[in-house]
Structures are given as structure tokens and as C-alpha cells.
Amino acid sequence: MATHQLLLEVGVEEVPDWMLVPAMDHLRGQVAELLKPLGGEVTLAEATTRRLAIIASGLGEREQDQTQIVKGPPLSAPAPAVEGFARKQGVTAADLSQEGGYYQFTKVTPGRAATEILSEKLPAIIMGIPWPKTMLWPGKGGARFIRPIRWLVCLLGDAVVPFAINGVSTGSQTFGHRQLGARTADRKPQAVPVTIESYEAVLEANGVILQAAKRRAKLVEEVGQDNSLVDLHVYLNEWPAAFRGTFDSAYLDLPEEVLVTVMRYHQKYFAVHGEDGKLKPEFIAVMNRKDDPDGLIRHGNERVLRARFNDARFFYEVDQKRSLADRVEDLKAVTFHKEIGNYYEKTLRILALCDDATSKRAALLAKADLTTEMVKEFTELQGMVGGRYAAVQGESPEVSQAIYEQYRPLSMDDAIPASRAGQMVALADKVDTLREMFRIGQIPSGSKDPFALRRAAQGVIRILAEGELVFSLSQLADDDKLREFLLDRVRYYFRDVKGFAYDAVNAVLAAGADGLKDVALRLAAIQAVRQTADFEPVAAAFKRIKNILSKAEFVPSQAIDPALLEAGPEADLHAAFVAVKAGLSGDYGAQLTAIASLRPVVDAFFNGVMVNVDNAAVRQNRLTLLHSILSEFSSVADFSEIVTVN
Amino acid sequence: MPSPDHLYYQDVVLTLKRYWADRGCIIQEPFDAEVGAGTMCPETFLRVLGAKPYRVAYVQPSRRPADGRYGDNPNRLYKHQQLQVILKPSPADVLDLYLGSLEAIGIDLDKHDIKFEEDNWESPTLGAWGVGWQVMLDGLEITQFTYFQQCGGVDLDLIPAELTYGLERLTAFIQNKDSVYDIDWAPGFQYRDVRYNDELQLSVYNFEMADVATLWESFRLHEAEAQRLIEGFKALETPSRRYPLLAAHEQVLKCSNCFNLLDARGAISVTERVGVIQRVRRLAVGVAQAWVVQQQEVVA
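Those sequence lines, one after another, are chains A and B. For the first sequence, my numbering gives the first residue as 1, with consecutive numbering after it. For the second sequence, my numbering gives the first residue as 1, with consecutive numbering after it.
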């Protein structure tokens, strides 16, 4: 059977670049699902800012016929009943067959034509694309879409699949690039006819590179970089072309972060660094057309950048009139949170948490950049601006660096502050925010976390686990809810970020969660020793001990009485316990190995000794022995939390 | 006819007005009260409500006291001129019409880079929002394009397109000037000659001399007057066409201007800010809702 190709193009006003990939994935999936009964397969799914395009092949003329057996009256039924049944099926009694003592009718529903299915289903599939933010189109009570659809192409082979969305009907004509595409004599966009075979070539002739991979490859080659800014331009431009511009090297005196932020985030330019890692007075911009023969576009972009840099220089110069130290008092006028107070008060609290002169100095100045013109303009540069200003205002490199790093880590991928003072200020700032927010009841729940407290807590955990500082969680968390909140992040960190087994994390945390570097060491030890044959059986034995003690409601009241120990497994266990306890030293790995070496005696004990004997003194002494083992050997981890196979 | 070689500032304005007049827009004059943006004028704020089609274009001087720079900054102005175009409902070729307007003022789009970059607009004080783009010409934002969705908290019946051209920027681009003050306004007159005093003196007033107590008092008086008028309308048994909701709207604009001046003066703390915005918003929403009711009455 001959098969057909399908082309669907949704022509839409410029869609935000960042929404295109998920939208296209959704559309591709929905169309693939729709085409399954027709045997069709999606072979191309591409999006540019002005079009969503799908090509599929292998579509049959129509879907498979459906057969259905309709059971009728028994063979013994009177003739009128049989005829009645047949009539109901739209046939005569002669068309019925017999099966298992009954009449039956094999009903064949012919599969619907592909065109019919596509016409019926595609409008809803297109309008069902989930967009993050939609508009009413055309107005109240109407549909919602990301931007108005302006044309639709839908071809099955050579034939247009007829449907319409909000008055826009399908056809076989597309539109090219706004400027590079065909235009009428009076410079209006000119529709161009396409076939499925010519589609991509027609678009290319009309200034559109359809495939994102081609646009990306072109940009990567021209820019010499590959990052999220490339992605943005891939989906912002139908024919992206990179070009270089320059700026006056005098602007290089401004903080590099400011220059890069203006270029990258405000103007979507690539900053250019030399081989020495220093910023060059150049930028790479991307235009949505093939070339710039007269240099007008380069000239225009250079002019805009100059204006932006002039603004930044103005802010810089105004800011230098007052030092950060002079600005600390101004923080009284900057609200941190209306129920908590201002940044001056926050500064004092952070300062109080810091533990040495460098971090205290950095803490004092840390928030002062919030009053600068530069940070008011470039809020994302808070901290960095302060750090740069501190350096030119004669603060020590250590203090400047700590101010610079105070907001790190900004995300899970971001590093913690590199310097000790930076870690101290960052930790104190985050801990203070957490304490204060918890104090006024701003506790994150579910997806609600308006003050990004989970991120703050994660930062605290990472600084403690990865940095130089030694603080216990109980020292930092002044209330139970906050301590539990932090513990939650500790579990998340060790399980999901560091990849430790969840039961090992539970076991280690149950034995003490205060010092996170210690937790990390104990976890690493467990992970290593866990592979050995004796570890899990010992863990299982510990769990058994814990159960026995809890069932007996054991309360330790006296030391082990050696005289009451029975010779054999019990005495052996005691001897081994005393020996291992005496030799317990070295790193956690060695300790765990020693504890695991108890396995044979523990096994022998449980095989040969009954704990709950009638003699109360003996029983109490046995429980005391078990309790001693459990409590002496649970400082690395609570083994009863380990999930063992048997 | 303006010279094709050198378009003065006023030629840009006149050409764009002619262009939109030829496309069915009423050419209105600026609204005669202080506003922060052309959107706040009744020709936009109230006209976009309801189901009646409308097309209008007007230049609106827009006051942003906090953006004043005493005439020192080449790109920032206390008061800038916006060309505001409202096409309700938005026609299917709206973006082509817009691009045509750029060509009309001599921008050859075959030689420049034009991009529509996502930029959604929201005005908390007006209870208004929309989705759209900032239009970038060789990296310079020259126009804000918005498909209005809500105004005064009311869903719009017909989605209008709002085009806001920054006239100084656009002209500086066309004339290749680095400072708006160097723009040639008319033969023999630069932007500086026409507007410098205005920028300098009003910056001095807004930042240094505006009396905070007086401004707060003005704010309260205008707020009370707007409130009184809105309540009066609500109390009517049948909404009357002669009831002065337009006057109530003017009072809201006065409030908004007092708010902007207080803000520039540094008299509103971050904490207070949200509350004051809420107060203006409540009035704006009140006027918009009443206006919808009154207009329905007129049609009926």
C-alpha cells in the first residue's frame, strides 16, 4: 500500500526562545501518538521563533478496519427474533454466522481516512500545547495560545488537510524570514508555496535555517563558544549570524562582572577573553540576518553598548564618593523583611556569628553594596560589587574576597566560597536568614518557598560539609523545626547529591548528625566496609540486639558481671567485645572492620545462647552485655538502620 | 515633506502620526495631566475596556521623576516622549504594519537587525498586564509591543495591540547621536534647546525640593476624591451616562503622580511601597469596573 508523508507547520508570531524546546517535544509526542494507528512516524520536528514544524512519513491512506463480533440470539430462537437482530445490525439473517449455539454478526467498521483523522484532531493538539504563559486569542472567552497563529500549512502528500484554528485555515503556503523571505512589491510578506519535499529548501531560500542543530553548529563555529547563550540565539533567530564589535578599552577599568553582565544578560552578547584570561575590549553579537555589508548593525550595537557602559561608569564614579564603611549606617534604611527588620540589624547579627577578625570585618561591610547605584542597577551583582569596591577602597584581599563570595553557593552547581572568611560570612548570612524566617513562621512547605530557604539551607550544609569551618548543626539551629529542616537538607545532600545509600545515611545520622565532615567520613567508611562479607550480618545482629533490648524494656543498671557469664559463646562474645573495644582506634574504616570481625562470635552467641532465661540475674547480665555492645559500637553508625538482604 | 536625508525629531513624530492616521487611527493630542506612561491615559486605559473597536495614536510626554538626571545623562530623562498606538482589536498583520512604520521613518530593514524579544508588561498600580515583546533594532530597544490582557483587573473583550515607541531613542538612532540632547529637533534647534531646562529644574524639584508633607497630603486628597466619586457611582440606582467617572480617573492619575514624586524623593520605604501601590490599584480597578458598567449602559 502506498504511504504518504505529512507536513504540519504552525506559523506563529515570535515565540519566546526558552519555550520552544519543551513545546516542540510535546507537539512531537502528541502527533506521534495520533499517527500510530495510521502507521506514520515523525521524522522531523523543528522549531524556530516563528514556526513549529513536523514532518512524518509512512502514513497509510486510512487506519485499520475494526472488526467486532456482536453476539445474537441462540440458534433455537424464533425466526422473527433472528431477523430483528439482523435488522438492528443493518443486515439480513443471511449475513449472520453461527458460533457455539448462537447467531452472531461480524461487524466491520472501516478505518477512517487519514485526512479525516488529521483534520479532526490536529487543531486540539496544536491548541493543547502547554505554554508557561499564554494570551487570550482573539479575546475574552476565546482560546489561549502563546502568541497569535498567523498561518498553517498541513499537507498529506500533495493534498491540503483542511482545518482551521480561530479563522486561520490550512494551506500549502508558508512565509519565510521577516526580512530575508519573499516580499511583495510594496514590501509586504509574500507567501511561498511549499511541498513536503521542498519544504526545508524553500525555507532556506527564504532566509530560514529550519534545523536547530544547523543553526547551533553555525553559531558555535562563528562564536567559538558553546553555552546557554548559544542556545538562546539558536531559538531567537531564524538565520543567526555572529559578528564582532569593539568597545573603548578605557571601559576595562570597570569591574569585569559589570561589563560581562551588561554584555551577556542585558545585550545578549558574548564577552571575549584573551588567552591570558583577561577580558578583551570586544564582543560578539548575533544578528537575525545573513550579513552586515555596510557595518550598520555593528555600528548600532557598539553605540548601544557604549551607552550602557557609560551608565555603568556613571554609577561606579558616584559610588566611589562614599566608601562601603561609610555606607553601613545607610543600611538602617534598607528593609530586609518587614517583620524582621533592616539590613543594618542583619549585619550586626551576621557579625556576631563570625569568629575571627577577617570575617568580622567582611561581615560588617558585606551588605553595604546594597546602597550603591551599581547594585541598584545590577541586582544580580550584589556581593561581587561590594568585593570589588572593597579592594579599591583599601580593604585587605581576604576581606574583599569574603565580601565577593558571600552569596555562594548560588546553586547546587555553584562552588562554595573558596576562602575561610568567605565561608564564614556566607554561612552566618544564611543561618541568620533561616533563623529569622523560622522565628516569624516563614517555614517552607511543599512547593512554597518564597524566600528560597531550601537553597539557603543547602548552602549551609555544603559549606559545613565541604569547607573548613567546624560548627555543629545544633550550634547553628536554635529551634527544633529549623534543626529538622536542616537535617532534611543533610539527608538530601548525602543521598541525592553525594549518592550514598539511604539506609547508610540514616544509620550514620542516627549515630550523630552534628558534625557534617564527620558524617561524611563515617559514610565513606560504611560505603567501603559494606562490601565485605561480615558487615551486613553484623548489622543484622545489631538490629536483633536492639529489638531484644527494646522488647525487654531494658534499662542499664549495672556493669557486666564476668562471674555470671556462661562459658562458651557468651564468654567468647564478652571476650571479643572487650578485645575489640580496647583495640578500637584509627579511622572509621578500621573501626568498622574491627566491629565487623565480631560476626562469628555474635552468630555463635545467638545460635547457642538463650537471652530470656528464667534466672533474672543472668538475664540482666546478658542484656547488659548486649546493651554494652550496642552502645559502644554505635558511635560510627546505628547499624540497626542498615537494610540487609535477609 | 521632511527631507529624506535628515529626519528631524519632529519629522519622526509627524511621519509616524501620518502613517498611523493612514491606517485608520484617530490622532489624539497628549492627555493634559501628568502620567508615568501613555498607557495610563483614558485613550488607552479606558478605551481598551469593552467590546467597541478603536484605533488611536498620540504622543504622550511621560514623567518618571526617579529617572531624572539633571540633564546630565545622555540617555536618561525625567520626562520622555512616547508615541502610543492602540489597535483594538489587533489586526492579523499588526507586526507587518509596525515594521512598515519603521520603514516610513527611513529605517531600511534590509540593512538592519530587528528582533522581537519576549517582554511581558505589568503595571501593579493599574491592575493591568499583557504579553509581548521589546522590539530590538541593532541591539537597541525602540518599542514596547504589548497584547493587553487585563486592565483595571478586568479581562479584555477584544485583545488590543499597544505599541509604545520611545521617540528620543528612535530619533537618536536615526540621527546617529550618542546623546538625546544632541538630537536635532527642528532646523536650528536641538533637543537640548527645547528640553534641557525642563530636565534640570524638575530634577532639582523632584529630588531636592518637593515638599514631602504636601505631596502626602495631595495624595490623600486625590485618593479621597477618587474614592468619593467611585462610591457615588456604585450608589446610583441606574448607572448614568453623565456620571463623571472620567473625573474619577483623573484623580487616580493625580494619586499616581504624587506616588511617583514621593518615590523619587525617597519618602516611601520599601515596606510602605507595596501598601501605597495597593491603594492606587484599588482606585484604578474601581474606576475600570465602573467604566465597564457605565459603557454597557450607554450601548443598551
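What the hints contain is simulated information worked out from the structure, not anything from laboratory work. Bear in mind that the values here come from a model prediction, so they are computed numbers and not experimental data. Ideal Cβ positions, reconstructed from N, Cα and C, are used throughout, including at glycine. One thing to keep in mind: the hints can contain errors.
[Unchecked claim] Some but not every residue of chain B turned toward chain A, in silico, with C-beta under 10 Å:
id : residue
1  : A92
2  : I105
3  : D178
Hint by hint, here is what the structure shows:
1. A92: 6 Å, holds
2. I105: 14 Å, violated
3. D178: 7 Å, holds
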